[in-house]
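Chemist: Take the sequence shown: its position 39, counted from the start at 1, is 42 in the working numbering, and no numbers get skipped.
Check before you lean on any hint, since a few could be wrong.
[What the hints assert, rightly or not] Only pairs whose alpha carbons sit at most 16 Å apart, straight line, appear in this in silico EDC-like list of lysine to aspartate or glutamate: (1) K173 to E127; (2) K162 to D142; (3) K172 to E127.
Hints are computed from structural coordinates only; laboratory data are not their basis.
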Amino acid sequence: MSSSPVKRQRMESALDQLKQFTTVVADTGDFHAIDEYKPQDATTNPSLILAAAQMPAYQELVEEAILKAREHRWQPVDLGGHLTCIHLPRPHLSPPCRELEEQHGIHCNMTLLFSFAQAVACAEAGVTLISPFVGRILDWHVANTDKKSYEPLEDPGVKSVTKIYNYYKKFGYKTIVMGASFRNTGEIKALAGCDFLTISPKLLGELLQDNTKLVPVLSAKAAQASDLEKIHLDEKSFRWLHNEDQMAVEKLSDGIRKFAADAVKLERMLTEPMFNADNGK
4 MSSSPVKRQR MESALDQLKQ FTTVVADTGD FHAIDEYKPQ DATTNPSLIL
54 AAAQMPAYQE LVEEAILKAR EHRWQPVDLG GHLTCIHLPR PHLSPPCREL
104 EEQHGIHCNM TLLFSFAQAV ACAEAGVTLI SPFVGRILDW HVANTDKKSY
154 EPLEDPGVKS VTKIYNYYKK FGYKTIVMGA SFRNTGEIKA LAGCDFLTIS
204 PKLLGELLQD NTKLVPVLSA KAAQASDLEK IHLDEKSFRW LHNEDQMAVE
254 KLSDGIRKFA ADAVKLERML TEPMFNADNG K
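Throw the hints in and build the complete structure from the sequences for me.
Modeler: Below, the structure written as structure tokens:
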């Protein structure tokens, strides 16, 4: 005799429950992890791609990519634009995303988003998607304040994403909110109901083993009751509001530096074998 629907529901993993009201994305460059957890999409960045490219499992793939690059050189490559969302940081009011989206049909994911000013500017620019970082905001507060631990709903990163989500839904912005950079599953559960959440394989695995009941915390309906007021930003007001947030200023510049450093490492890792082969080494 089969188990009742109630029993089956109770045995459902937190990951499966989350997928019922949030689009789950894998935050990794590891294809095997993506296949294991069956997310809708995957997000990457220079650090994640560098880590994956150094894994023994992908050495054959890396060598194949280098060989193709040597063969094709400057020939155009089809990146599958309709399936690709390019990551861009948001350090100023008017990045090139509007031109990319409107004129070239290239979707943009505005990443390294730490301040409410960045989120408002992205909404007004009509970008496809934003990635507000949860864990890095928590890291800053733990490192720079006396408070060293937070309950999930009081986590400063969770509160930041919640505010952004409520603002977007209350005022009808179409930009997708994708919470990113999680330190624990408590943060993820506290943002259940967010449009998208991009989650590392480690935390996806923990959610898969977790059978506690999960309920949506965020919703477009609940957002209507928030006391947020609509604001408009010009360059001056954007810079003022963003710069008033010490955490956002420090984490944005730190994030750009780290991604840039890993991009340089990745480029060297791929180009040095190409040039050595060309020179007969």
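Chemist: Could you work out which of the previously given hints the structure breaks and list their numbers from low to high?
Modeler: none
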